[in-house]
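One-letter residues, chain by chain:
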Amino acid sequence: GQQLNQSPQSMFIQEGEDVSMNCTSSSIFNTWLWYKQEPGEGPVLLIALYKAGELTSNGRLTAQFGITRKDSFLNISASIPSDVGIYFCAGPPSGGYQKVTFGTGTKLQVIP
Amino acid sequence: DGGITQSPKYLFRKEGQNVTLSCEQNLNHDAMYWYRQDPGQGLRLIYYSQIVNDFQKGDIAEGYSVSREKKESFPLTVTSAQKNPTAFYLCASSMKGLSYGYTFGSGTRLTVV
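As you go down the protein sequences, you meet chains G and C in turn.
Under the numbering used here, the letters of the first sequence match residues 1 to 112, in that order.
Under the numbering used here, the letters of the second sequence match residues 1 to 113, in that order.
Because the hints were derived from the structure by calculation, they are not lab data.
Mixed in with the good hints, there may be bad ones.
Claimed, not checked - Selected chain G positions facing chain C (in silico; Cβ < 7 Å):
#, residue
1, Leu33
2, Leu45
3, Gly59
4, Pro112
Being a predicted model, the structure only gives us computed values, none of them experimental.
From the three backbone atoms N, C-alpha and C, an ideal C-beta is built for every residue, glycine too.
Isolated chain C (complex conformation):
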């Protein structure tokens, strides 16, 4: 079955360390997205990519970096510059046109200890 896979489900990081969250999709979707969700809050866009080797900043890109070397993969690095990284991170993908919306992964919960 096609889908979008995020790993790991839970991640603990020490302050000052960079950490990379994985996102892989086998839906043949062109576009991929990273969102951050804080407890009881909505979704805030971090980065998005419409094609390989191209990506754009979302609303809260500071302290994060991404790459899109393959269509299937869109890893997110949370750098030490991100002041408050503890959150639930969601990856999504979509076809062009967006008429069918996004398909989301099951999320990664990052906790800074």
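So here's chain G without its partners, still in its complex pose:
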């Protein structure tokens, strides 16, 4: 099936640092979703993007819908230990509404 490529695959950062991660696809997406999964739990929706070029914030998190509609970016400012988890991008591909495609995930570790 279709795949979304996320990078980096994993990252270790110091508390207080900013974090950037991205997600790319070979297909056009009409919606981009960013999820966070904490250990032993299900993913939780952080941000949803619906328009090319859109920039949306949720507290210290900011996500952008790429203008080509084939990529998206997530930034976390001033990281804290509770930011630890796996971040997934996702979206329903254009023309396909039956299910959402998930990215491979970026695992974030924050060093206090």
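Chain G is fixed; fit chain C onto it per the hints.
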């Protein structure tokens, strides 16, 4: 509060046995999904259902079965035919259109002993 509930949280099964994982939602969502997640890996789709009494295979359906007799419920059976069933199983639901993505349950960790 509306949500999606998976039970049990932890499940142990002997080799050769079938086991059923429960998933219930009270969000009035039409569609429900089952995903498998292996350690350090992404999500792989097992089965999904858009309406009652109808479901489709996902990318890794072999060794699994589902039913959708009620809108609120979408149980997953891991059969003895599943060669490597130890994994973290996630159930999700969504409204039509998918614009708001999925709501996930908290998962069931299945271990074969």
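A quick look at each hint next to the structure:
For Leu33/G, the suggested interface contact is upheld, since its CB lies about 4 Å from the closest CB of chain C, less than 7 Å. Because the beta carbon of Leu45/G sits about 5 Å from the nearest beta carbon in chain C, less than 7 Å, this interface hint is met. Taking 7 Å as the C-beta cut-off, the interface hint given for Gly59/G is violated, the closest approach to chain C being about 18 Å. Given hint, Pro112/G at the interface with chain C, is violated; its Cβ is 22 Å from that chain's nearest Cβ, farther than 7 Å.
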